[in-house]
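> All chains, please: the whole structure from these sequences, using the hints.
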Amino acid sequence: GAVVSQHPSRVICKSGTSVKIECRSLDFQATTMFWYRQFPKQSLMLMATSNEGSKATYEQGVEKDKFLINHASLTLSTLTVTSAHPEDSSFYICSARPSFSEQFFGPGTRLTVL
Amino acid sequence: KNEVEQSPQNLTAQEGEFITINCSYSVGISALHWLQQHPGGGIVSLFMLSSGKKKHGRLIATINIQEKHSSLHITASHPRDSAVYICAVPSSYNTDKLIFGTGTRLQVFP
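Those protein sequence lines, which keep their order, are chains X and P.
Letter by letter, the first sequence follows residues 1 to 114 in my numbering.
Letter by letter, the second sequence follows residues 1 to 110 in my numbering.
No lab work stands behind these hints, which were simulated from the structure alone.
Using N, Cα and C, we set each Cβ at its ideal position, and we do this for glycine too.
Treat the hints with care, since some could be wrong.
Said to hold, decoys possible - In silico lysine-lysine, BS3-like type, Cα no more than 27 Å apart, as pairs:
hint : chain 1 : residue 1 : chain 2 : residue 2
1    : X       : Lys41     : P       : Lys68
2    : X       : Lys20     : P       : Lys97
3    : P       : Lys97     : X       : Lys64
4    : X       : Lys14     : X       : Lys64
5    : X       : Lys20     : X       : Lys64
6    : X       : Lys64     : X       : Lys41
7    : X       : Lys55     : P       : Lys97
8    : P       : Lys54     : P       : Lys97
9    : X       : Lys41     : P       : Lys97
Unchecked claim - Stretch-level coverage of chain P by chain X, calculated; a stretch enters the list once three of its residues show a Cβ under 8 Å from a Cβ in chain X:
hint : stretch
10   : 17-24
11   : 42-51
Here it is in structure tokens:
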């Protein structure tokens with residue numbers, strides 16, 4: 001149980017385009033989902049916390065207008081990287097929480113911006 | 001601010017060896033997570049524990065709340081255990097936010 005999927009697993013896009021990444025909880029309802037970013041050989045960094053039906057809470061230094069988060073249902077959250085640039089190339093990971101304790105992580109999405 | 005330190009940073013082992021990875025944190029917590037990240041990047045939650053010991057297959061996690069220390073043990077290690085192992089604890093000011101250790105890169109050779 002407690003499976004979280006992400007789509008796509010890899011995406012390559014041109015600079016200036018927007019990319020949408022989906023995060024789904026497959027067998028549970030997640031009132032809270034989290035979006036992380038990981039640069040090579042570095043730790044995960046929390047970008048934002050997303051609660052179903054409300055606006056996401058962004059961490060300091062994360063641009064809200066650049067990284068649009070939508071948590072429209074209890075099983076789906078999306079992260080849209082708008083006007084992507086090469087420096088946005090990274091590994092994006094979501095997690096979903098069915099209770100007030102444990103987070104379950106998705107497999108991640110590797111974004112490459114050319 | 002809760003700091004998380006892991007040791008060792010890198011670890012190599014022969015297949016079959018017993019592995020121990022350590023995690024220390026600075027502030028009292030409600031629970032600690034052990035995660036596994038494979039070379040492809042995907043993360044798997046191994047354990048969440050708040051006291052004592054948990055076992056899943058060849059993996060054992062222990063935590064000592066008083067000493068603010070946790071260990072992850074792998075018995076009879078196998079090359080497929082090669083991965084980065086990360087411990088994470090809730091932030092002291094926002095328990096929604098996990099603070100991650102820098103990870104321990106394990107390589108198990110046949």
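> Against this structure, judge whether each hint is valid.
We went through each hint and held it up to the structure:
At most 27 Å may separate the alpha-carbon atoms for a hinted pair to count; X/Lys41 and P/Lys68 meet this at roughly 26 Å. In summary, the hint linking X/Lys20 to P/Lys97 is supported, as the alpha carbons are separated by about 23 Å, within the 27 Å threshold. A hinted pair counts as satisfied when its Cα atoms are at most 27 Å apart, and P/Lys97 with X/Lys64 qualifies at roughly 18 Å. A distance of roughly 21 Å separates the Cα atoms of X/Lys14 and X/Lys64; the hinted pair therefore holds under the 27 Å criterion.
Distance hint between X/Lys20 and X/Lys64 is fulfilled; the C-alpha atoms sit about 15 Å from each other, no more than 27 Å. Between X/Lys64 and X/Lys41 the alpha-carbon distance is near 25 Å, which keeps this suggested pair within the 27 Å criterion. At roughly 17 Å between alpha-carbon atoms, X/Lys55 and P/Lys97 fall within 27 Å of each other, so this suggested pair holds. Distance hint between P/Lys54 and P/Lys97 is fulfilled; the C-alpha atoms sit about 23 Å from each other, no more than 27 Å.
Distance restraint check for X/Lys41 and P/Lys97: the Cα-Cα separation of roughly 21 Å lies within the 27 Å cut-off, and the hinted pair is therefore satisfied. For the stretch 17-24 of chain P, the stated coverage by chain X is violated: 0 residues have a C-beta nearer than 8 Å to a C-beta of that chain, whereas at least 3 were required. Residues of the stretch 42-51 of chain P with a Cβ under 8 Å from some Cβ of chain X number 5, which satisfies the need for three, so the listed coverage holds.
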